[in-house]
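Visitor: Residue strings, one per chain:
Number of protein chains: 2
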Amino acid sequence: MVHSVSPTRYKVAYPPRRKLATEFADKLKETFFSDDPLRPYKDQTRARKVGIVFQYLFPILEWSKGYNLSKFKGDLIAGLTIASLCIPQDIGYAKLANLDPKYGLYSSFVPPLIYAVMGSSRDIAIGPVAVVSLLLGTLLKDEIDPVKDNEAYVRLAFTATFFTGITQAALGFFRLGFLIDFLSHAAIVGFMAGAAITIALQQLKGFLGIKNFTQKTDIISVMQSVWGSVHHGWNWQTVLIGASFLAFLLLSKYIGKKKRSLFWIPAIAPLISVIVATFFVYITRADENGVQIVKHIQRGINPSSVHKIYFDGRMMLKGFKIGVIAGLIGLTEAIAIGRTFAGMKDYQLDGNKEMVALGTMNVIGSMTSCYVTTGSFSRSAVNYMAGCHTTVSNIVMSLIVLLTLEVITPLFKYTPNAILSSIIISAVIGLIDYEAAILIWKIDKFDFLACMGAFFGVIFKSVEIGLLIAIAISFAKILLQVTRPRTALLGNLPQTTIYRNIDQYPEATRVSGVLIVRVDSAIYFSNSNYIKERILRWLRDEEELLKSNNQQRIEHLIVEMSPMIDIDTSGIHALEDLFKSLQKRNIQLILANPGTVVIEKLESSKLTNLIGQDNIFLTVSEAVMSVAPKAMEEV
Amino acid sequence: MVHSVSPTRYKVAYPPRRKLATEFADKLKETFFSDDPLRPYKDQTRARKVGIVFQYLFPILEWSKGYNLSKFKGDLIAGLTIASLCIPQDIGYAKLANLDPKYGLYSSFVPPLIYAVMGSSRDIAIGPVAVVSLLLGTLLKDEIDPVKDNEAYVRLAFTATFFTGITQAALGFFRLGFLIDFLSHAAIVGFMAGAAITIALQQLKGFLGIKNFTQKTDIISVMQSVWGSVHHGWNWQTVLIGASFLAFLLLSKYIGKKKRSLFWIPAIAPLISVIVATFFVYITRADENGVQIVKHIQRGINPSSVHKIYFDGRMMLKGFKIGVIAGLIGLTEAIAIGRTFAGMKDYQLDGNKEMVALGTMNVIGSMTSCYVTTGSFSRSAVNYMAGCHTTVSNIVMSLIVLLTLEVITPLFKYTPNAILSSIIISAVIGLIDYEAAILIWKIDKFDFLACMGAFFGVIFKSVEIGLLIAIAISFAKILLQVTRPRTALLGNLPQTTIYRNIDQYPEATRVSGVLIVRVDSAIYFSNSNYIKERILRWLRDEEELLKSNNQQRIEHLIVEMSPMIDIDTSGIHALEDLFKSLQKRNIQLILANPGTVVIEKLESSKLTNLIGQDNIFLTVSEAVMSVAPKAMEEV
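Chains as they are written, first to last, in our numbering: chain A, 1 to 635; chain B, 1 to 635.
If we strip away everything but chain A, and leave its shape as in the complex, we get (with noise of 0.2 Å):
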């Protein structure tokens, strides 16, 4: 390994001075625009940019183009299969938002047209989704009982999925998705999770046949209501249906997890579940032995809802509120799926453009009597499996929900509650994803503590303490970093000018006389002050160490500034006051690598020159090389 021999020190370099106006926009466009998206506009005339502004808008006029028979059959098998397995989740999806089933079908049917046009994502399945539903629910029947006063329930739901389309269309349009950042992987691992578990729970209702339920969703009053009506309450002949069922329905995942070219079993089995099971209740008639039915539902598709969306007053206040809890969770999960899945198929997702078209497609829902819908994880994977190439194959299932509300829905009718409950909770148990649960404890404890205060606060309170918590968690861990950051003792790796923390690398050597810190943060106000005392502190313990020793004393202290990015005028004082405690104890300050940002700072302080332009070097070893030239010849 050859080091070449520098001829001459390079200093440290002052970036070129840039306007304040040009900075200003830098840093806007790194926030807003950081994915670049005007991109295409470059060197255009006028009618391409028109064009392909709506392209921007609408993709299908871009890969419509390149649509061909093959893609085609792709689409249609994979929409034929998502259809048979949205049609029985919808309506069992649509009694966790305490809506009519219908709605949910409804929601099946307009949503996903809109999605097909205005969407990106090649692989996202639309509809009601389980967490929506159940988080939707409970927000609405906090306002309004959904028995006592089912009219006002209804319109307040769809104020609510109107709002939810404005704040996802908003939050894209003005650029803002990064917001849904703020939600970390391992808060919505254990939201997901605790949510699907109280989903299960809420099943039990159905599958067991359970006439007096606690309106609660919490563990604790679940349990009670189930436990309470064991001897009365359950009805055998629900129990066995729901029991069989479900067990098949877990048979046919097990079948298609083990063997990924069967993935259709399980994709199938739900519908085939209720043509059987209604079949059986219609024959034996087991609804008059008291097996809960779906009853009737009504035929035809989508009638408007725009009269029934409140635009004023106080109920407007609390469809705005629902609308927009329920918009950034369903941001959240239909994002999340979009890059899943974009990721593996290696196409790029603009974050902000889908957040437009959600947006859009749930305005546009709210007044076609559709309730707040997004990308489910469950059916989008069998849609990627069973070979989707674009956003047709939602259109696919969209028809072929039509065809249900104008044609099947009174078959229905026998349908017992038992089988969509069953069917609820064999999706569900997908969301329980207790693998990444393990890899979040194993990484980071920090993260676990997020998931797990999560799901505990979905189970044993609700989903919005549970969401509470997940962000609570998730800010206090940033505010931590930033108000306790890292700082270590570095030393020289023998024979080389590398310096590096001596707690990673034993075999690191002090240089006798300095001290060498490095903080490894930008040193803003919520830290600047513990920096400083943290040097300090670094310091006297070393002196305390040398002077038992005998050994030489500190006279300089060097702090690497590589990883300090950022430095404000908190920092800067705190840097002064270092200084200045150092000097009265006769140890120069040095300082090595700053960088572009932090130089700059230091610079239109003053501070460079208090410290002085000589004790500013580019590397550690250069300022060891010229404070302790002995001590580096000694290795």
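There may be inaccurate statements among the hints.
As the list makes no split between identical chains, a pair holds if one copy fits it or if it spans any two.
As a list, the in silico DSS-like pairs of lysine-lysine whose alpha-carbon atoms are at most 27 Å apart [as the list claims (entries may be wrong)]:
(1) 29 x 445
(2) 257 x 584
(3) 413 x 73
(4) 259 x 73
(5) 318 x 445
(6) 49 x 547
(7) 141 x 308
(8) 65 x 29
(9) 345 x 259
(10) 445 x 19
(11) 216 x 345
(12) 308 x 65
Since the hints were derived computationally from the structure, they do not count as laboratory data. Here the structure is a predicted model, which means the values were calculated and not measured.
Following the hints, complete the assembly by docking chain B onto the known chain A.
Guide: For chain B alone, coordinates are given in the frame of chain A:
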């Protein structure tokens, strides 16, 4: 400059594995006990330990041993000086809090005594301060009208003071003192300046002798009041007294600033003004011509007020809320002062212990008819300049106030309100630190935004709004930094093994076939997606450039991880995604210099195996040497 040749390549070291409990304990210690307060207790006998605990709680036990006459001389002079300054200020500040003047004097008697035995700052002067008085007055008035229901108002004031103390003591006891660091220096500068202007504007009432004055504190309402009363509401005698003494006070301040040895002139000027003005009003009976006077101040020392504190019900909650806000602002002011002077005299200040002392002082204060007290900027500076050595100067001041309460208060009867207004105006002008604001502008534009946000929030709306804006902007800054961290392309400084940002060092040259990116931040959930996509964008831009120049394509992407101090599960996933994306393009991902925590987490997530141990290097230079040895020889 000698570069030694390394005979063997150092590998990235894995730090020794620590037990979870040890890791957790270390983290807790660093967060809450970063100042190592238990240090003196090491290796001591039991009796000695008890002694140290007492000394810790009551620093007076420690410093009183070495106390002598020469020190007392300094403290006596300082104490007399700050007493002469505090008496007129107390009366004025009590009015800012809508309280009778006597409460201001009470608050300068008991709290300084408590602080004297428990506090560890030697220079701070305790008592009511302008900003906290204004804040308290504003918040209390929102709840109760001080004129209509004075009794309840006073009771709520004591309740708020009680909870101020509890908040402060609790923060200190639970070692949460770092929370006040979240109010940034810049925000404080803006907030203080805004509060100073608001306070000065409020004084126009007394200064101009306006009778119908607005209840609001914003500049527009106040100016309307002033303008509306210009023709009939101003009292010329009042204006004459106010203006002439304000001129005198400002002149004395100017003299004190010009010549530091004359610091006592501005210090005693207020008391002289009060005496002269009072005497003047008494002989001319100007009060009969509309000059408003203080009127009767009750004689005698602080009565007990324990029975006045609301310990339950709605009012307690209100008192609690106000107390928490006032407590935090009070702490911010006191700790800032304490740190400043501790830095100047080079002694250590334990922030958490200070908070316990300040809290205890306010709790006891609330029971002895005092309202919220803290350290005063102006009086502490005078205390320091007058040569105080210990908190004995506070005891001296307290005794003078006692004497005033017992003997002199009736003499204040004829003191014109205008003189108090002049004193307050001349005092708060010092809080407008425009030089600091200019420096903030030069160093950090975002800090300046926080500063101006707080400033305009206070003067155009209210103190609470200003405070909220300041905190919101401060947090936004932290969040922005963790959401959109910097990344940089690195190049080689010719003839060295050093790699630096090519923006900062234009002479740095790129290595053909290799892209070197440095990530200047921990990778957390809040930025993991951004960082992954930003790196891919660097790559895309570079590839396009190379393509257009027909140069060698990129085969290796080196991520310099030195500044990357931590990574969480989302970050690990992002790196994994990055690795897979690069793999699809036939580009090898290489990591350089991962730190302690990062390598640990890469290892526990098995990402090191995926990327390959051979693709993790100690330095960028070694990585380049390994993948592009030719490129290096060329330079």
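Visitor: Determine for every hint whether it applies to the structure shown.
Guide: Here is what the structure says about each hint:
1. Within a single copy, residue 29 and residue 445 get their C-alpha atoms only as close as 35 Å, which misses the 27 Å cut-off; across copies the closest is 16 Å, which meets it.
2. In this assembly of identical chains, residue 257 and residue 584 lie within 27 Å of each other by CA distance solely across copies; the values are 26 Å between and 70 Å within a copy.
3. With identical chains, the CA atoms of residue 413 and residue 73 are never at most 27 Å apart, being 33 Å at best within one copy and 97 Å at best between copies.
4. In this assembly of identical chains, the alpha carbons of residue 259 and residue 73 lie at most 27 Å apart only when taken from the same copy (22 Å versus 91 Å across copies).
5. In this assembly of identical chains, residue 318 and residue 445 lie within 27 Å of each other by CA distance neither inside one copy nor across copies; the values are 37 Å within and 38 Å between.
6. Taking the closest pair of Cα atoms, residue 49 and residue 547 come within 27 Å of each other only across two copies (25 Å); inside a single copy the shortest separation is 73 Å, beyond that limit.
7. For the homomeric pair residue 141 and residue 308, the shortest alpha-carbon distance inside one copy (18 Å) is at most 27 Å, but the shortest distance between copies (44 Å) is not.
8. Taking CA atoms no more than 27 Å apart as the test, residue 65 paired with residue 29 passes in neither setting, with 32 Å inside one copy and 63 Å between copies.
9. In this assembly of identical chains, the alpha carbons of residue 345 and residue 259 lie at most 27 Å apart only when taken from the same copy (21 Å versus 75 Å across copies).
10. With identical chains, the CA atoms of residue 445 and residue 19 are at most 27 Å apart between copies only, with a shortest distance of 12 Å across copies and 44 Å within one.
11. In this assembly of identical chains, residue 216 and residue 345 lie within 27 Å of each other by CA distance neither inside one copy nor across copies; the values are 42 Å within and 61 Å between.
12. In this assembly of identical chains, residue 308 and residue 65 lie within 27 Å of each other by CA distance neither inside one copy nor across copies; the values are 39 Å within and 80 Å between.
This entry does not satisfy hints 3, 5, 8, 11 and 12, going by the numbered hints stated previously.
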